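Reassemble the complex: the two chains are provided individually, in unrelated frames, and hints are given to aid placement.
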Amino acid sequence: MAKILRRERLVPNMHLIEVYAPEVAKKCKPGQFVILMPDAKGERVPLTIADWDRERGSVTSVFMVVGTSTQKLSLLNAGDEVPVYVGPLGKPSVIENYGTVLCAGGCFGIAAIHPIARALKAAGNRVVTLLDAKSGYLLYWEDRIKDLSDRHYVSSRDPMFQTKGYISRGIADVIGEEARIDRVVAIGCTYLMSSCSEATRPFGIPTVVSLNPIMVDGTGMCGACRVTVGGKTKFACVDGPDFDGHAVDWQELFSRRKSYFDDEIRSLCDWEGRTFP
Amino acid sequence: MTDKKEIPAELKARLKSAYDADWRRDLRKAVPVKDRMKIPRQKMPEREAGDRNRDFGEVNRGLDAEAARAEARRCLDCANPQCVAGCPVAIDIPSFVKLVEKGDFAAGARKIKETNALPAICGRVCPQETQCEEICNLGKAAGSPVAIGNLERFVSDYERTAGEVFIPEIPPPTGRKVAVIGAGPAGLTVAGELAKKGHKVTIFEALHIAGGVLVYGIPEFRLPKAILRSEVDYLEKLGVELRMNFVVGRTASLDDLRKDGYEAFFVGTGAGLPNFMKIPGENLVGVYSANEYLTRVNLMRAYEFPAYDTPVFLGKRAAVIGGGNVAMDSVRTAKRLGAERAVIIYRRSRTEMPARIEEVKHAEEEGIEFHFLTTPVRYLGDETGRVKSMECLRMELGEPDASGRRRPVPVPGSEFVTEIDLVVVAVGQSPNPLILQTTEGLKAGKWGNVEVDWATMATSLPGVYAGGDIVRGGATVILAMGDGRAAAAEMDAYLKKP
Chain A
1 MAKILRRERL VPNMHLIEVY APEVAKKCKP GQFVILMPDA KGERVPLTIA
51 DWDRERGSVT SVFMVVGTST QKLSLLNAGD EVPVYVGPLG KPSVIENYGT
101 VLCAGGCFGI AAIHPIARAL KAAGNRVVTL LDAKSGYLLY WEDRIKDLSD
151 RHYVSSRDPM FQTKGYISRG IADVIGEEAR IDRVVAIGCT YLMSSCSEAT
201 RPFGIPTVVS LNPIMVDGTG MCGACRVTVG GKTKFACVDG PDFDGHAVDW
251 QELFSRRKSY FDDEIRSLCD WEGRTFP
Chain D
1 MTDKKEIPAE LKARLKSAYD ADWRRDLRKA VPVKDRMKIP RQKMPEREAG
51 DRNRDFGEVN RGLDAEAARA EARRCLDCAN PQCVAGCPVA IDIPSFVKLV
101 EKGDFAAGAR KIKETNALPA ICGRVCPQET QCEEICNLGK AAGSPVAIGN
151 LERFVSDYER TAGEVFIPEI PPPTGRKVAV IGAGPAGLTV AGELAKKGHK
201 VTIFEALHIA GGVLVYGIPE FRLPKAILRS EVDYLEKLGV ELRMNFVVGR
251 TASLDDLRKD GYEAFFVGTG AGLPNFMKIP GENLVGVYSA NEYLTRVNLM
301 RAYEFPAYDT PVFLGKRAAV IGGGNVAMDS VRTAKRLGAE RAVIIYRRSR
351 TEMPARIEEV KHAEEEGIEF HFLTTPVRYL GDETGRVKSM ECLRMELGEP
401 DASGRRRPVP VPGSEFVTEI DLVVVAVGQS PNPLILQTTE GLKAGKWGNV
451 EVDWATMATS LPGVYAGGDI VRGGATVILA MGDGRAAAAE MDAYLKKP
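Protein chains in written order, with this note's numbering: chain A, 1 to 277; chain D, 1 to 498.
Isolated chain D (complex conformation) (with noise of 0.2 Å):
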């Protein structure tokens, strides 16, 4: 879902302050546009589908210096850019990918970091298609739009592997606390764009490793624990501290935090609460929430069980319910576990999947299996308790529902029943209820959401800001960072208010 916004006029006059820069304009005449639309668009080098299939190693290895650039020319750098509405972060887009033409790849890293403190997950993890590259107007000129994506993970992880990270300069400390709770990346976002003014970030974090869903939800194969770690460490550079094991609500309440002299607050504790189907057999063993799969694996590393504690069941023919990106990574990681068959089971076609392109073509390559217009209706287990298989359902498409997508209508009658030993249900996460149910006066919305003013991010707790699942419910990486961004600034205003 894009949120697409209007480009601000602060940010529009810095654009085109970048834009009128003399290298910009000797750049813009050293290739004639004709022959920058014939570049093709470079391919990101992935491992091969059946090797990397059977290991939790990284699946794009990235493109090399030759090819960024080559990427970068193809970019018009347009006199008026759309793809920086698309960016929920504002990052200025064409100055950076003009820094990368140019060949000065950590300048390029640098600009991306004036907006967005975490890039080398952005370019990993963004679903660029229906943001920035969505309305390139290369793309609407020659068909495929500047590899934007692909070139900011590549400034990102030039700039970590050179060593050349770059610490701003940090004011003077205002002395003002700030708590940010949850150190997912709408509370990284809101740590880093706190830090740089000066003020003193804690985050507090229930798990035992910072990255919230970037380290319990999405695997080793599309973001590496230790492109997460250096992200994590930047900020600890900007004088950010970490609290980990520390669950705001029980080892502390929001209010504890205010009398130990925390002035602003940013929830950001994310949508963890797994929804379930409601459907008979769902409880039993070998039924697994995306959550609990995702989060044994990844940051439990049951991957690595027994040299690591933690186990996870190795289904021989695994079904993974749901079309979106957190059931293409469940599928994908069974499949890396050694599942013969892999499968997603989703109600609707392939065209309402919510995933990111990328992922459905590389869990594709890797040969899991789709079936659309099929919903489980009741699992079937042994005399241990154990799933042994599914009932299904077939599907067709009626008439679109609220959210504009073709509802699914059951075929009566198609009922069969599959052999599976492992399910993955991964229908959606909700918010956790833990924050709400803690702090008084923090007003819930709709769907046990924290409500918040949209213009501000503020909560109903003076103080008190929030974004991310926590008040989306399950949305996207960026969306997240982009509430960060907003409510930080608004932090920053709060604080400095005499």
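Next up, chain A with everything else stripped away, as it sits in the complex (with noise of 0.2 Å):
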């Protein structure tokens, strides 16, 4: 069991989750992941591991609430416990000092990407951040990635904000607005991902993105993560979470994470309908 020591709404459906786990909080590294269960009956859920405090012995993930274990982890309060926090898995990205890297992500990604702009920066390199939500009341953590930026941007579809459009739209601006760009690093839904991707292509930015297929035990056993890359499978929870963003079979990773789509809708009313009677 890990306790839980805090939970809280960021923005809507997006919380953030502080565990007690001190073997996880001395080991992990920017890019890793964990996987926990919120009770008993509940699905291996992975969550990137989004910061941590050695000692406190504290790793935060932040989610977004999508079916029935991810729901029942949003009711969770500080001082319940969780039956499984396993980790951290998965490779830690590779970091050096590249020059110029531009953090882009959305979504969960904008507190997945936070601790690999900060070891980017810690390394020597030029940070360049750039968050995307499609209103500003769905931006988090935006002081915390503005702090450890060089440069900072917003993509939005929101009048508040001077960028309009998407995050790829926002990446083709920002290589427009900057001398260089040698590295890009994009996390976030597959969509934008894959749009990341897409944008930095015709460049030919080196572009990492972290995938985010469905798991079960993420430890290599089982094969549900498998992605094509380059023509070959590989295993995300092993072989990643990082991967090359052009060489990522986009079409396939879309299909596979759509796997339970009813499963899932039944499974949540299932509950709901149990839980709130």
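Please keep in mind that the hints were generated in silico from the structure rather than gathered at the bench. Note that the structure is a prediction, hence the values are computed from the model and not measured. Check the hints yourself; a few may be wrong.
[Stated by the list, open to error] Taking lysine-lysine and the DSS-like style, the derived pairs with C-alpha atoms no more than 27 Å apart in a straight line are:
#1 D:Lys-497 <-> D:Lys-200
#2 D:Lys-443 <-> A:Lys-234
#3 A:Lys-26 <-> D:Lys-259
#4 D:Lys-102 <-> D:Lys-34
#5 A:Lys-91 <-> D:Lys-446
#6 A:Lys-232 <-> D:Lys-102
#7 D:Lys-237 <-> D:Lys-200
#8 A:Lys-234 <-> D:Lys-278
#9 A:Lys-232 <-> D:Lys-388
#10 D:Lys-237 <-> D:Lys-197
#11 D:Lys-197 <-> D:Lys-278
#12 A:Lys-258 <-> A:Lys-232
#13 A:Lys-91 <-> D:Lys-278
#14 D:Lys-316 <-> A:Lys-258
#15 D:Lys-316 <-> A:Lys-41
#16 A:Lys-29 <-> D:Lys-259
#17 D:Lys-278 <-> A:Lys-258
#18 A:Lys-91 <-> A:Lys-26
#19 D:Lys-388 <-> A:Lys-234
#20 D:Lys-259 <-> A:Lys-91
#21 D:Lys-140 <-> D:Lys-38
#22 A:Lys-234 <-> D:Lys-446
#23 D:Lys-197 <-> D:Lys-12
#24 D:Lys-102 <-> D:Lys-16
#25 D:Lys-177 <-> D:Lys-237
#26 A:Lys-258 <-> D:Lys-388
#27 A:Lys-3 <-> A:Lys-29
#28 D:Lys-496 <-> D:Lys-197
#29 A:Lys-91 <-> A:Lys-3
#30 D:Lys-496 <-> D:Lys-12
#31 D:Lys-497 <-> A:Lys-26
#32 A:Lys-41 <-> D:Lys-225
#33 A:Lys-146 <-> A:Lys-121
#34 A:Lys-232 <-> D:Lys-446
#35 D:Lys-102 <-> D:Lys-12
#36 A:Lys-91 <-> D:Lys-443
#37 A:Lys-26 <-> D:Lys-225
#38 D:Lys-278 <-> D:Lys-446
Structure representation (structure tokens):
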């Protein structure tokens, strides 16, 4: 059992969860993830590590409520325990001094990109950040991200922001404004990551994405998370989660992500019916 | 695959002195050999096929006391018993069988537990027909061997249900710490053996329930989870500590554990890497590895979805590729989850199938179709990326290959397409690479396995031993347990060195 130290709603449907897991906190590196179960009947949910406090022994993630297990998780509070909290899983992101790196994040990816941007900054890179939010009220952690950025942008469809359009447009704009971009790291939903990869492809800028396929065990045992990268099948949980965004078979990932769409709705309706009669 | 060893002199002497005991002599005299040979092999009671293939309740019901004693009476109590040589964990089979004949079932269970900490599991999943029962003298003399496996199951079930579980006396703590990596059959065996020697054993397990393949792989209808749980409880009573949700190599490295004071290590991380055939369409939605399919159903209990959150596809036309026990477990699972047709696609013929005879028999009774000499060449999907059909090729058997089995050769022009909506690829597993990738100095073998000295189960690192599927690739539960026993003896000696 792992104790929840904090669970708060950051923006609608997006929650932060900080868990007491000293071993994970001691070992984790940017780009890695944990798997947790909200209760004994839940799914094993992979969450990217967004931050950690080695002294406090805590690990923080941000998740979006999508199905039953994340819904259950959003209803837990400080002091509650989760039966499964395992990690750090996956290979850490490769952090080097590349020159200028554009870190692009949206949705839960804003939190996920945070430790990577921080590490890239510490490694001597000029760090440019681009956050995407459909509307201004969905943006969170902007101050934290801005603080570690040499330059910071937001792409949004909200009139309150100057840059109009989706993140792919934002990337093109940033590339136009910056003298050079040596590398792009993009994290968010599958659509966001594929869009970012398409946006950088014409410029030939190496683009790293952190893939989020469906997982079960997270240790390479089941192969649920297989993705095709450069024509080869990879297991995202052990070979990734970071991959070359220009080599990923996005269509396959889209359809595999949607595998249980109907089941997820059925599960959620069933659980809500039982829980909130 | 049998791994028969010569009976060591020490065991031979022990068997001889047990054989010479007065009660054994009296029992031998009580029933003449020719009468014993007339007793038919007692049938394992089973749930009716049309009833059991719709749920996950256990198929075999187990012998009752009367049948068990009758079965034990068939054993000739040979002066020179062969059966023991066929047992990877060297159970004193004649002694335990004769204790059953005598009616002292609890003592029979204790006898097995001297060398095997998990009898209720072995009695259910061991391929006895290629081990102890294959070389049983009665089998040669009367045509059918003593049902040793069914008796093993009987005594351990008796012990558990009678609440007579015996906890052996543990010697005073040695103060030495042992780390067992992986709570599968090999690791559980090592833990039990070393706890009985007074060492402080901690098992580190990546998943949230102990058992390894016993919990994620073998279905409830073949090995109820409650049985596994009580075997694990027994280990905890021996003083074994379980650290769940701990991935050695990620949560902490083997070297970190060494710094924490662990002195001896056993790597039993299993064959947790599913093999695929690398044919087109294998990543379509609806194509599973057997590991994923079975893990969803067994570990995550998808068969109780939506009471449990984890879903699994309920195929109407399910094809399982492969001919081993994992394939049988998968196809029988698909049937239970409502498949109208659940089909085995196997590239060789029936004789070459590696599955246990009992599993094949049960599968056939339950309405599983077998398509031999057939192999898929590609899977075809619909516009949403879901599998809808597969193209297969007919095979014929050619010359024997390295495994001694006749090699399947494609028949040109024999391609055909058949509609399916669920595929489970059960063509074997390879050793999980995580521990090798994260442990410096641990030597790998040819197939990505951890290399050991077979005489000692020692790896290239001092104090680090390994066994089970991480060493063998995909083998059996009992061979893993045999490795565990061999390694435990060596580890005990290693820890006792000054």
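The hints, checked one at a time:
As the CA atoms of D:Lys-497 and D:Lys-200 are separated by approximately 16 Å, the hinted pair is consistent with the 27 Å bound. Between the alpha carbons of D:Lys-443 and A:Lys-234 the distance comes to roughly 24 Å, so the proposed pair stays at or under 27 Å and holds. At most 27 Å may separate the alpha-carbon atoms for a hinted pair to count; A:Lys-26 and D:Lys-259 meet this at roughly 15 Å. Only pairs whose Cα atoms come within 27 Å are accepted, and D:Lys-102 paired with D:Lys-34 is accepted, the gap being roughly 19 Å.
Pair hint A:Lys-91 plus D:Lys-446 holds up; C-alpha atoms about 24 Å apart against a cutoff of 27 Å. Simply put, A:Lys-232 and D:Lys-102 have alpha-carbon atoms about 61 Å apart, too far for the 27 Å limit, and the pair is violated. This hinted pair checks out: D:Lys-237 and D:Lys-200 have alpha carbons roughly 13 Å apart, not beyond 27 Å. Distance hint between A:Lys-234 and D:Lys-278 is fulfilled; the C-alpha atoms sit about 12 Å from each other, no more than 27 Å.
The hinted pair formed by A:Lys-232 and D:Lys-388 meets the criterion: a straight-line CA distance of about 23 Å does not exceed 27 Å. The straight-line distance between the Cα atoms of D:Lys-237 and D:Lys-197 is roughly 14 Å, inside the 27 Å bound, and the hint therefore holds. For the proposed pair D:Lys-197 and D:Lys-278, the alpha carbon gap of about 47 Å is over 27 Å, so the pair is violated. With a C-alpha separation of about 21 Å, the suggested pair A:Lys-258 and A:Lys-232 falls inside the 27 Å cut-off, and the hint holds.
Note on A:Lys-91 and D:Lys-278: the hinted pairing holds, with a Cα-Cα distance of about 24 Å set against a maximum of 27 Å. Between D:Lys-316 and A:Lys-258, the direct Cα distance comes to roughly 20 Å. Compliance with the 27 Å bound is thereby established for this hinted pair. Between D:Lys-316 and A:Lys-41 the CA atoms are separated by roughly 26 Å; this keeps the pair inside 27 Å, and the hint holds. With a CA separation close to 21 Å, the supplied pair A:Lys-29 and D:Lys-259 stays within the 27 Å bound.
For the hint linking D:Lys-278 to A:Lys-258, the alpha-carbon distance of about 23 Å falls within 27 Å, and the restraint holds. Between A:Lys-91 and A:Lys-26, the direct Cα distance comes to roughly 16 Å. Compliance with the 27 Å bound is thereby established for this hinted pair. Proximity of D:Lys-388 to A:Lys-234 is assessed by CA-CA distance (about 23 Å); at most 27 Å being required, the pair is judged to hold. Between D:Lys-259 and A:Lys-91, the direct Cα distance comes to roughly 23 Å. Compliance with the 27 Å bound is thereby established for this hinted pair.
Pair hint D:Lys-140 plus D:Lys-38 holds up; C-alpha atoms about 14 Å apart against a cutoff of 27 Å. Of the supplied pair hints, the one linking A:Lys-234 and D:Lys-446 holds, its CA atoms being roughly 21 Å apart against a limit of 27 Å. A distance of roughly 23 Å separates the Cα atoms of D:Lys-197 and D:Lys-12; the hinted pair therefore holds under the 27 Å criterion. Restraint check for D:Lys-102 and D:Lys-16: satisfied, since their Cα atoms lie roughly 19 Å apart, inside the 27 Å limit.
The hinted pair formed by D:Lys-177 and D:Lys-237 meets the criterion: a straight-line CA distance of about 17 Å does not exceed 27 Å. For a cut-off of 27 Å, the pair hint linking A:Lys-258 to D:Lys-388 stands: about 16 Å separates their Cα positions. Distance hint between A:Lys-3 and A:Lys-29 is fulfilled; the C-alpha atoms sit about 21 Å from each other, no more than 27 Å. A hinted pair counts as satisfied when its Cα atoms are at most 27 Å apart, and D:Lys-496 with D:Lys-197 qualifies at roughly 10 Å.
A hinted pair counts as satisfied when its Cα atoms are at most 27 Å apart, and A:Lys-91 with A:Lys-3 qualifies at roughly 25 Å. The straight-line distance between the Cα atoms of D:Lys-496 and D:Lys-12 is roughly 26 Å, inside the 27 Å bound, and the hint therefore holds. Distance check on the hinted pair: D:Lys-497 and A:Lys-26 sit about 34 Å apart at the alpha-carbon level, beyond 27 Å; violated. Proposed proximity of A:Lys-41 and D:Lys-225 is supported: the alpha carbons are some 15 Å apart, at most 27 Å.
For the hint pairing A:Lys-146 with A:Lys-121, the CA-to-CA distance comes to about 12 Å; that is within 27 Å, so the pair holds. A threshold of 27 Å between alpha carbons decides the hint, and for A:Lys-232 with D:Lys-446 the separation of about 22 Å falls inside it, so the pair holds. A hinted pair counts as satisfied when its Cα atoms are at most 27 Å apart, and D:Lys-102 with D:Lys-12 qualifies at roughly 23 Å. A threshold of 27 Å between alpha carbons decides the hint, and for A:Lys-91 with D:Lys-443 the separation of about 21 Å falls inside it, so the pair holds.
Restraint check: the Cα-Cα separation between A:Lys-26 and D:Lys-225 comes to about 34 Å, which exceeds 27 Å; the hinted pair is violated. With a CA separation close to 20 Å, the supplied pair D:Lys-278 and D:Lys-446 stays within the 27 Å bound.
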